[in-house]
Structures are given as structure tokens and as C-alpha cells.
Amino acid sequence: MSFELACCLLFTAAVLFYVFYLPGKLYLGPEKTRASYLRERKDAVYENLRDLNFEYKAGKIPEADYQSMKTSLQDEAATLLAEIARLEGKLASAPGKPRP
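Numbering (our numbering), first residue to last: 339 to 438.
What the hints contain is simulated information worked out from the structure, not anything from laboratory work.
There could be a bad hint or two in this list.
Pairs of lysine to aspartate or glutamate residues, derived as EDC-like cross-links and limited to a Cα-Cα distance of at most 16 angstroms, are as follows [unchecked claim]:
hint, residue 1, residue 2
1, K380, E421
2, K380, D413
3, K380, E426
4, K408, E385
5, K380, E414
6, K408, D389
7, K408, E393
Pairwise CB distance ranges, derived in the manner of DEER restraints [stated by the list, open to error]:
hint, residue 1, residue 2, range
8, A416, T371, 17 to 25 angstroms
9, A402, Y365, 42 to 50 angstroms
10, R377, D403, 46 to 54 angstroms
11, L364, K395, 43 to 51 angstroms
12, A344, Y365, 32 to 40 angstroms
13, A351, F392, 51 to 59 angstroms
14, A344, K370, 45 to 53 angstroms
15, Y375, F349, 41 to 49 angstroms
16, L429, F392, 31 to 39 angstroms
Every residue gets a Cβ at the ideal spot worked out from N, C-alpha and C, and that includes glycine.
Sequences and hints are given; from them, build the entire structure.
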């Protein structure tokens, strides 16, 4: 009986160690900048516009809804592009700083 209990406790300890152990250094990926976030968002908006256009041409979306969603996505894309241009303009004018 005690051997089985010891095996269960050892197994439980091993599982808990495996689940909760954190190594000394974690790789969290590259650091995100505001400009990189905006570029990713811009790509997502462009993809949404392509999908919207496809759905409209397939007849799945009415004209009024299509125009409304298209205008909304285009406005968002324009806002993102303006902010990206503003950030890149600041970076270009700052000497010695690398562009992200």
C-alpha cells in the first residue's frame, strides 16, 4: 500500500513540476513596436477588404451592406496608413535611430 502511495505522490510531483516549471529565460519573440503593430493591422484590414469584395461578388452580401462595410474598412486603412507615415516620418527625422 505504501509503495503505491509513494508512486502516486512521485507521479503527482513530477506532473506538477512539468506543468509549472519555468526555465530561467523565456523567449517571448521580437519586441513589438507601434509601427509593426500598425503594419500588421493594415495587412488584416486589406485582407478583410479582399474577403468582403469576394463575398459581395459571390452574392452573399447586399449592396448597401457591402458599401457600408467597404467604406468603414477603407477609412480604417486610411487612418492606419496616415499613422504609419507619421511614425516613419518621426523615425526618419530622428538621427541615429534605426527604423523598425
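Against the structure, the hints:
1. K380 - E421: Within the cut-off at roughly 11 angstroms; holds.
2. K380 - D413: Status holds; Cα separation ~11 angstroms.
3. K380 - E426: Distance ~15 angstroms between K380 and E426 Cα, so the pair holds.
4. K408 - E385: holds (12 angstroms)
5. K380 - E414: holds (8 angstroms)
6. K408 - D389: holds (11 angstroms)
7. K408 - E393: Measuring from Cα to Cα gives roughly 12 angstroms; hence the hint holds.
8. A416 - T371: 17 to 25 angstroms: holds (21 angstroms)
9. A402 - Y365: 42 to 50 angstroms: Between A402 and Y365, where Cβ atoms are some 48 angstroms apart, the hint holds.
10. R377 - D403: 46 to 54 angstroms: violated (28 angstroms)
11. L364 - K395: 43 to 51 angstroms: Check passed, 46 angstroms falls within 43 to 51 angstroms.
12. A344 - Y365: 32 to 40 angstroms: About 37 angstroms separates the Cβ atoms of A344 and Y365, which means 32 to 40 angstroms holds.
13. A351 - F392: 51 to 59 angstroms: holds (54 angstroms)
14. A344 - K370: 45 to 53 angstroms: At roughly 48 angstroms between Cβ atoms, K370 and A344 fall inside 45 to 53 angstroms, so the hint holds.
15. Y375 - F349: 41 to 49 angstroms: holds (44 angstroms)
16. L429 - F392: 31 to 39 angstroms: holds (35 angstroms)
Of the numbered hints stated above, the single one contradicted by the structure is hint 10.
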